[in-house]
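2 protein chains.
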Amino acid sequence: MALNPIKHADWEIAEEAEKEMLTIYKIGEKLGLTKEELLPHGHYIGKIDFMKVLDRLNDKPNGKYIDVTAITPTPLGEGKSTSAIGLVQGLGKLGKSVSAAIRQPSGGPTMNIKGSAAGGGLAQCIPLTPFSLGFTGDINAIMNAHNLAMVALTARLQHERNYTDEQLERLSGMKRIDIDPTNIEMGWVMDFCSQALRNIIIGIDGVNGKFDGFMMKSKFGIAVSSEVMAILSLATDLKDLRERMGKIVVAYTKKGAPVTTEDLQVAGAMTAWMVDAMKPSLMQTLEGQPVIVHAAPFANIAIGQSSIVADKVGLKLADYHVTESGFGAGIGFEKFWNLKCRYSGLKPDCAVVVATIRALKCHGGAPVPVPGKPMPDAYDTENVEWVEKGCANLIHHIRNVRKAGISPVVCINAFYTDTAAEIAKVRELVEAEGERVALSRHWEKGGAGAIEFAHAVVDACEEKTEFKFLYMLDMPLKQRIELIAKEVYGACGVDYAPVADRKLALLQDDPDVSKMGVCMVKTHLSLSDNSALKGVPADWRLAIREVLIYRGAGFIVPVAGDISLMPGTCSNPAFKRIDVDVETGKVQGIF
Amino acid sequence: MALNPIKHADWEIAEEAEKEMLTIYKIGEKLGLTKEELLPHGHYIGKIDFMKVLDRLNDKPNGKYIDVTAITPTPLGEGKSTSAIGLVQGLGKLGKSVSAAIRQPSGGPTMNIKGSAAGGGLAQCIPLTPFSLGFTGDINAIMNAHNLAMVALTARLQHERNYTDEQLERLSGMKRIDIDPTNIEMGWVMDFCSQALRNIIIGIDGVNGKFDGFMMKSKFGIAVSSEVMAILSLATDLKDLRERMGKIVVAYTKKGAPVTTEDLQVAGAMTAWMVDAMKPSLMQTLEGQPVIVHAAPFANIAIGQSSIVADKVGLKLADYHVTESGFGAGIGFEKFWNLKCRYSGLKPDCAVVVATIRALKCHGGAPVPVPGKPMPDAYDTENVEWVEKGCANLIHHIRNVRKAGISPVVCINAFYTDTAAEIAKVRELVEAEGERVALSRHWEKGGAGAIEFAHAVVDACEEKTEFKFLYMLDMPLKQRIELIAKEVYGACGVDYAPVADRKLALLQDDPDVSKMGVCMVKTHLSLSDNSALKGVPADWRLAIREVLIYRGAGFIVPVAGDISLMPGTCSNPAFKRIDVDVETGKVQGIF
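Residue numbers (this note's numbering), protein chains in the order written: chain H, 4 to 594; chain Z, 4 to 594.
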């Protein structure tokens, strides 16, 4: 018997449901996995041997492909994961064969601000605690693969400094690369928010003198921003993964040529750490539908998508496969559209834009809620005017989805404090825009509350699509960045810091790179690069501060505003409230 | 059909055996585990829910408890793991109910010098590749738990600098600890050999100014040297783990008081990351006996033992439980004896000292072999004189085991190049010392080659023991260090660097600390603190450079010589030779 989410916390609902959850073997059966294809991790989580599945089902046509994205969120999130899970549960209630693909939560936010990323209320994935605490270990594998490249780079700098060409040759057949220590592209990663590791100096000599490394500037990013994570999201198979792992640019030679992981002879070993992580993980919704979990990049600082492999597997195993794109449609759907679908060759049938009355009010003028603090009073009282004004943000995202040539479905992710008039206003404005809109009460009622939503999605999937990219890869890099800024974000133009300008000019001349995609790093809290601006900001220019090159993942990364690849831990972090019941081993306080 | 180890590499033998290995469910059955107690990780590896097992078998008497250690090794190792596995296979051939507990390999050596740590020849554990590449993720869990403490510490330093007392209170109810940034005890960890991270500066301000951390010196150690790893080895249950996790000293206040993980309110969350890691992992020998794998500390820089929990479980589930202590008996057995057994309350029935003709020759004067280089020619020709001279090292270790009040069994871990005269000389000298000696051909012949060895161990286990510690905890710290140095290593005395002297004086006055154990950090390649000295070095003094305090693990750590807690990656690292077959997903080159 499911608990009432108005009275009970997410973790209480999950804990209650976990008493009766299906074993992973039953979930595997629902997907039609063979015993060899399902690798159990305990009795309630598994991994899928995707190579065996894709081999076996090569000739089977794909199911319907549904992306779930959202309007520009408040800092609390707008229930995009919740709605993806709610949709799956709703489709389950309609008797459809269904699967979901979501991302794994990062330890950074879990220990800092936000607990679970497994949905909420009666639309969640279980078991909740292992999901939030490293799950099947994929992020750790990425961390190890990534940092091994840095071990190789930094050891190499030391050896090349300490030995002559002849000594290097004799010691290990090593040829001098002549790396420029002032031109290092890559940093280290850790899956926590640790501002103290953003800017560091390494290789300071100690008791071992010249054997204590090579002194230079370095940096740590959060693991989910790693290029290796992007590669896990985008690799279509193990061969593709291996190739991409070798193309990661670690540094440059003193003559300016890129030094790759392959040049450092470390790409094979990095791939070895990733073989298990390439297998998508499996868990279940509160109502027993299969949920595939794979990859974990944020959309503000990375690609923001679950993996291509997860979607390929889901599309073979289910008639309806629901995937989720990080944060708002401005950054999440844009990357789904122009990066993920480009690399996978898969075409979506439908895209859901999730909106909450809360976020619409915020975009319309209500005070911005702050995580960890009580909600401002403004959100408890009806205010149709704020909702109406805030719908400008929703309409902006609807139009973006249409630019991809597919039909949007707006899901109003209902909260019990929403009023009929507020909801009616959203319906009115979306219908005036000519698009489908469904009120969904999955948070409060689970799949039974998502019937209207599920029907709207099934309908939309029957429509003919004309999926097309925003830009083709022969368009010059700056022109593409400007297209994204203007068409997707609504900017008037783009300004480049000198270093970004210089790098883009170099990259534009590089025939390998100029054909790569563009993966923007930008705040998710605004359509603009200033997180304080709500609604649809006007009269602003996008400021590109830096450009990173992810040659392995296959894109360049323009970094907008002051967003950092390593978030900071706040003064009231979530880890304070987490503990373990030592009699039962149950983890408490992740919510 | 097992392959011939003279003609085939370890990985080839493992790969062949893996075609017919038992499922983990069968291995669980052999141990009598219930379905709920065995948590599969794929079909050939598992984890054991130890709390359920120990609850169920609380009243069952323990099996026989056998520690396997070795003489002072060459840099190539002397087959201690191989002999532990060979013994288990031999006991299996005798029809005994048997289990082993070994440590998990660290990514550091696997990627740097040494491949597998799963034994060798026909005495190995399988499946080999996952074992070598992170296995069930415990080291990663340790890395995350450990680094989370550093996240808490460094964020705290920033917040306390940036805010007034009143602001801290208002933001998060935080009370100023007033940490001394020049007196930080703890560093970060990573499970690779990365000399560039030994000495670093963190928290350098960047674009975010005072929100980019607090600038200070810091350091990385290898994950297996982490105090959290030591705690995993030594915790007797989850309650004990939780308590120890809160006692880790991270830094000191400006007044000199210790700042613990509990003070930083991070010990509960650290424990949450460890709940799964507390469950020992399970795999099998080439001949299908159960092998428990748990914890991974090296013995030169850490406690060097598999976990107390693994031994407690093994002793309940099998009639003979074989555990293994890191590196030579000088450092590995000494810590088993005075630390692990003290904390567990378990008493060993027998200790095996493994010797190879190769290592005896090395101690007797033959040139020291170098990993990655061809063996010096001296090892291919009979030389009884070198063997005889080298036996001094073996005899020294035999006498150490006797000081613990238990009988040693010497295992000559045979290699096919050993001659009858060389072996006879070892037998003669050990028998003259009044102890059991067995020649064992497990490397070449598996369990069938270890029958004499297994019988010797079964016999020894029937002997009455009078197990006693080398020192009691009321002995002053310096006196204990001198006792270990003189009695176990054969030093003439101990010299302390000023910082070590100062710290020991302070610790001796601290009633909590002066009752803790002593865990030496010292090279394993010599009985002395100079790795070049072979045999039984005479007329030398142990130099203590530094003293660390692991209050959570429950010991102080005197650091001898120039040994570092972060090894370096060499100029011809193993990772160069590792790659993945992208058609099958098989990892190649770990050996």
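Check the hints yourself; a few may be wrong.
Derived DSS-like pairs: lysine-lysine, alpha-carbon spacing no greater than 30 Å straight-line [as the list claims (entries may be wrong)]:
#1 Lys242/Z with Lys589/H
#2 Lys213/Z with Lys55/H
#3 Lys250/Z with Lys471/Z
#4 Lys29/H with Lys99/Z
#5 Lys33/H with Lys220/Z
#6 Lys376/H with Lys589/H
#7 Lys257/Z with Lys213/H
#8 Lys38/H with Lys33/Z
#9 Lys376/H with Lys213/Z
#10 Lys33/Z with Lys481/Z
#11 Lys579/Z with Lys250/H
#12 Lys589/H with Lys579/H
#13 Lys589/H with Lys258/H
#14 Lys38/Z with Lys10/Z
#15 Lys38/H with Lys29/Z
#16 Lys38/Z with Lys55/H
#17 Lys471/Z with Lys589/H
#18 Lys471/Z with Lys242/H
#19 Lys38/Z with Lys589/H
#20 Lys222/H with Lys579/Z
#21 Lys250/H with Lys589/Z
#22 Lys481/H with Lys406/H
#23 Lys55/H with Lys242/H
#24 Lys213/Z with Lys29/H
#25 Lys258/H with Lys63/H
#26 Lys257/Z with Lys222/Z
#27 Lys99/Z with Lys38/Z
#28 Lys220/H with Lys467/Z
#29 Lys489/Z with Lys467/Z
#30 Lys213/Z with Lys257/H
#31 Lys589/H with Lys22/H
#32 Lys29/Z with Lys22/H
#33 Lys489/Z with Lys579/Z
#34 Lys242/Z with Lys579/H
#35 Lys250/Z with Lys481/Z
Hint data in this document are derived by calculation from the structure and do not stem from the laboratory.
**Request:** Compare the distance between the alpha carbons of Lys38/Z and Lys589/H with 30 Å, and conclude whether the hinted pair is satisfied.
**Result:** holds (20 Å)
**Message:** Given the hinted pair Lys213/Z and Lys257/H, is their Cα-Cα distance within 30 Å?
**Reply:** violated (33 Å)
**Prompt:** Quick one, are Lys257/Z and Lys213/H close enough, alpha carbons at most 30 Å?
**Reply:** Violated. Lys257/Z to Lys213/H sits at ~33 Å, over the 30 Å cutoff.
**Request:** Compare the distance between the alpha carbons of Lys471/Z and Lys242/H with 30 Å, and conclude whether the hinted pair is satisfied.
**Result:** violated (58 Å)
**Hinted pair Lys589/H and Lys22/H, Cα distance within 30 Å** = Cα-Cα ~13 Å, so holds.
**Message:** Next pair to validate is Lys471/Z with Lys589/H; report whether the Cα-Cα distance is within 30 Å.
**Reply:** The given pair, whose Cα atoms are some 38 Å apart, is violated under the 30 Å limit.
**Prompt:** Are the Cα positions of Lys258/H and Lys63/H separated by 30 Å at most?
**Reply:** violated (51 Å)
**Request:** Starting from Lys38/Z, check that the Cα of Lys10/Z is at most 30 Å away, please.
**Result:** violated (40 Å)
**Request:** Please work out if Lys242/Z and Lys589/H have their alpha carbons no farther apart than 30 Å.
**Result:** Between Lys242/Z and Lys589/H the Cα gap is close to 12 Å, so the pair holds against 30 Å.
**Item:** Restraint check for Lys481/H with Lys406/H, where alpha carbons must lie at most 30 Å apart
**Value:** With a Cα-Cα distance of about 20 Å, the restraint between Lys481/H and Lys406/H holds, given a limit of 30 Å.
**Message:** Just to be careful, I want the Cα atoms of Lys489/Z and Lys467/Z compared with a cutoff of 30 Å; is the pair within it?
**Reply:** holds (27 Å)
**Asked** Is the hinted pair Lys29/Z and Lys22/H satisfied, with a Cα-Cα distance of at most 30 Å?
**Response** OK: Lys29/Z and Lys22/H at ~27 Å, within 30 Å.
Checked against the numbered hints given earlier, the structure breaks hints 2, 4, 5, 7, 10, 13, 14, 17, 18, 24, 25, 28, 30 and 33 and satisfies all the rest.
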